[in-house]
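**Q** As a plain string of letters, each chain reads:
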Amino acid sequence: AQRVTQPEKLLSVFKGAPVELKCNYSYSGSPELFWYVQYSRQRLQLLLRHISRESIKGFTADLNKGETSFHLKKPFAQEEDSAMYYCAPSGYSTLTFGKGTMLLVSP
Amino acid sequence: DVKVTQSSRYLVKRTGEKVFLECVQDMDHENMFWYRQDPGLGLRLIYFSYDVKMKEKGDIPEGYSVSREKKERFSLILESASTNQTSMYLCASSSSLRGSGRNYEQYFGPGTRLTVT
Numbered sequence: 001a002q003r004v005t006q007p008e009k010l011l012s013v014f015k016g017a018p019v020e021l022k023c024n025y026s027y028s029g030s031p032e033l034f035w036y037v038q039y040s041r042q043r044l045q046l047l048l049r050h051i052s053r054e055s056i057k058g059f060t061a062d063l064n065k066g067e068t069s070f071h072l073k074k075p076f077a078q079e080e081d082s083a084m085y086y087c088a089p090s091g092y093s094t095l096t097f098g099k100g101t102m103l104l105v106s107p
Numbered sequence: 001d002v003k004v005t006q007s008s009r010y011l012v013k014r015t016g017e018k019v020f021l022e023c024v025q026d027m028d029h030e031n032m033f034w035y036r037q038d039p040g041l042g043l044r045l046i047y048f049s050y051d052v053k054m055k056e057k058g059d060i061p062e063g064y065s066v067s068r069e070k071k072e073r074f075s076l077i078l079e080s081a082s083t084n085q086t087s088m089y090l091c092a093s094s095s096s097l098r099g100s101g102r103n104y105e106q107y108f109g110p111g112t113r114l115t116v117t
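Listed in order, the protein sequences are those of chains A and B. All residue numbers for the first sequence refer to this note's numbering, where the first residue is 1 and numbers rise by one. All residue numbers for the second sequence refer to this note's numbering, where the first residue is 1 and numbers rise by one.
The hints are simulated quantities; they were obtained by calculation from the structure and are not laboratory data. One should not assume that every hint holds.
Now the stretches of chain A that chain B is said to cover, found in silico as 3 or more residues with beta-carbon under 8 Å [claimed, not checked]:
| id | stretch |
| --- | --- |
| 1 | 10-19 |
| 2 | 93-104 |
To list a few chain A residues with every Cβ distance to chain B over 12 Å, as calculated [said to hold, decoys possible]:
| id | residue |
| --- | --- |
| 3 | R53 |
| 4 | K57 |
| 5 | F59 |
| 6 | D62 |
| 7 | N64 |
| 8 | S69 |
| 9 | H71 |
| 10 | K73 |
| 11 | E80 |
| 12 | S90 |
| 13 | P107 |
Taking lysine-lysine pairs in the DSS-like style, the calculated list, with each CA pair at most 25 Å apart, reads [to be verified]:
| id | chain 1 | residue 1 | chain 2 | residue 2 |
| --- | --- | --- | --- | --- |
| 14 | A | K57 | B | K3 |
| 15 | A | K73 | A | K9 |
| 16 | B | K57 | B | K18 |
| 17 | B | K57 | A | K99 |
| 18 | B | K53 | B | K71 |
| 19 | B | K55 | B | K70 |
Given the structure is predicted, the values throughout are model-derived calculations rather than measurements. Just so you know, even glycine gets a beta-carbon here, dropped at the ideal spot from N, CA and C.
All chains, please: the whole structure from these sequences, using the hints.
**A** And the structure:
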């Protein structure tokens with residue numbers, strides 16, 4: 001069965017601290033991996049995908065096929081990063097969303 | 001800019017009522033999706049459609065049906081609403097390259113918060 005695990009429901013850090021939001025997946029084949037974000041009162045939107053190998057808003061995510069992980073990292077968190085983050089591996093046509101991690105960045 | 005719109009932001013219905021949630025996208029996307037979003041459970045796929053008149057069950061289709069008569073419109077139907085269907089419902093759409101098996105970015109609507117009393 002396809003599964004994605006985000007072990008932390010809530011991650012609370014101070015501004016300027018490093019952040020790592022964990023994501024582990026169990027998937028057949030070679031899925032594409034995505035991170036989606038939902039800021040307060042905004043719609044869910046794509047943050048980044050692993051095939052792009054890009055940094056968005058200072059966030060990066062490395063796919064580790066051996067550990068089947070796709071952790072999201074940022075070296076210095078900002079208050080505006082406070083949001084709900086979802087990891088989502090993809091199958092042929094669909095995404096499987098994790099339960100999400102709420103990131104709170106305090107001043 | 002891709003736009004996905006949903007017919008209502010808030011909806012209150014009574015148990016047993018038939019409920020229609022409408023979603024429209026304006027980017028000629030092939031794929032459309034309905035999710036429900038619940039605290040602690042994340043997003044769960046109810047149904048999706050990869051073409052007009054085509055539909056596939058997602059992870060939690062029980063109690064729901066869908067309709068896609070036109071490419072831009074995807075409707076979610078609750079035949080007989082129940083209190084455990086109180087939730088936030090999100091619609092999404094995406095393009096896809098037929099036969100490639102690759103997924104493209106899903107664009108989400110603002111959501112409909114449905115309360116069944």
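**Q** All hints are to be evaluated individually against the structure, with a verdict given for each.
**A** Each hint, compared with the structure:
1. Counting residues of the stretch 10-19 of chain A whose CB lies closer than 8 Å to any CB of chain B gives 0, which falls below the minimum of 3, so the coverage claim is violated.
2. Under a criterion of three residues with beta carbons nearer than 8 Å to beta carbons of chain B, the stated coverage of the stretch 93-104 of chain A is upheld, 8 such residues being counted.
3. Every CB of chain B is more than 12 Å from the CB of R53 (chain A) (nearest about 16 Å), matching its label as outside the interface.
4. The claim that K57 (chain A) lies off the interface holds: its Cβ sits roughly 16 Å from the closest Cβ of chain B, which is beyond the 12 Å cut-off.
5. Non-interface call for F59 (chain A) relative to chain B: holds, since the shortest CB-CB distance, roughly 16 Å, exceeds 12 Å.
6. The claim that D62 (chain A) is not at the interface with chain B holds, since no C-beta of that chain comes within 12 Å of its own (minimum 20 Å).
7. At roughly 20 Å from the closest C-beta of chain B, the C-beta of N64 (chain A) stays outside 12 Å, upholding its exclusion from the interface.
8. Listed as a non-interface residue, S69 (chain A) keeps its Cβ farther than 12 Å from every Cβ of chain B; the least gap is roughly 18 Å.
9. Consistency note on H71 (chain A): stated as away from chain B, and its beta-carbon is indeed over 12 Å from all of that chain's, at 17 Å minimum.
10. With a least CB separation of 21 Å from chain B, K73 (chain A) remains clear of the 12 Å interface cut-off, as annotated.
11. Even its closest Cβ contact with chain B, about 20 Å, leaves E80 (chain A) beyond 12 Å, as expected for a residue assigned away from the interface.
12. Distance check for S90 (chain A) against chain B: the nearest CB is about 4 Å away, which does not clear 12 Å, and the non-interface claim fails.
13. For P107 (chain A), the condition that its CB be more than 12 Å from all CB atoms of chain B holds, with the nearest at approximately 25 Å.
14. Using a Cα cut-off of 25 Å, the hinted pair K57 (chain A) and K3 (chain B) holds, with the two alpha carbons roughly 22 Å apart.
15. With a CA separation close to 16 Å, the supplied pair K73 (chain A) and K9 (chain A) stays within the 25 Å bound.
16. Distance restraint check for K57 (chain B) and K18 (chain B): the Cα-Cα separation of roughly 20 Å lies within the 25 Å cut-off, and the hinted pair is therefore satisfied.
17. With a C-alpha separation of about 20 Å, the suggested pair K57 (chain B) and K99 (chain A) falls inside the 25 Å cut-off, and the hint holds.
18. Under the criterion of a C-alpha separation no larger than 25 Å, the hint pairing K53 (chain B) with K71 (chain B) is consistent with the structure, at around 9 Å.
19. Among the hinted pairs, K55 (chain B) with K70 (chain B) is consistent with the structure: their alpha-carbon atoms are about 13 Å apart, no more than 25 Å.
Violated hints for the displayed structure, listed by number in ascending order: 1, 12.
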